[in-house]
Amino acid sequence: MNLIAGESPQIRAQLELIARTARKELLSLETSCQSVYCCFIPLLLPIMISY
Numbered sequence: 001m002n003l004i005a006g007e008s009p010q011i012r013a014q015l016e017l018i019a020r021t022a023r024k025e026l027l028s029l030e031t032s033c034q035s036v037y038c039c040f041i042p043l044l045l046p047i048m049i050s051y
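Here full-length UniProt numbering is used: the first residue of the sequence shown is 1, the next is one more, and so on.
What the hints contain is simulated information worked out from the structure, not anything from laboratory work.
Beta carbons are placed, not taken as given, at the ideal position from N, Cα and C, and that holds for glycine.
Some hints here could point you the wrong way.
Estimated spans, in silico, between C-beta atoms of each pair [claimed, not checked]:
1. E25 / P46: 20 to 30 Å
2. M48 / R20: 26 to 36 Å
3. Q10 / S50: 43 to 53 Å
Using the sequences provided together with the hints, build the complete structure.
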């Protein structure tokens with residue numbers, strides 16, 4: 001069992017939990033906010049092009 005400097009099982013468990021919730025958030029975003037992104041992208045394109 002090799003531990004990275006300062007890495008404890010608690011921290012690892014916390015990071016796994018964060019990663020899991022982040023993954024869930026991303027999945028829910030993909031399903032529920034597709035229309036929001038469809039609105040945002042056309043708004044952002046002219047701004048990005050003007051720079």
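Outcome of the hint check:
1. E25 / P46: 20 to 30 Å: This hint holds: roughly 28 Å between Cβ atoms.
2. M48 / R20: 26 to 36 Å: holds, 32 Å
3. Q10 / S50: 43 to 53 Å: With Cβ atoms ~48 Å apart, the hint holds.
Figure legend: structure checked against the earlier numbered hints; every hint is met.
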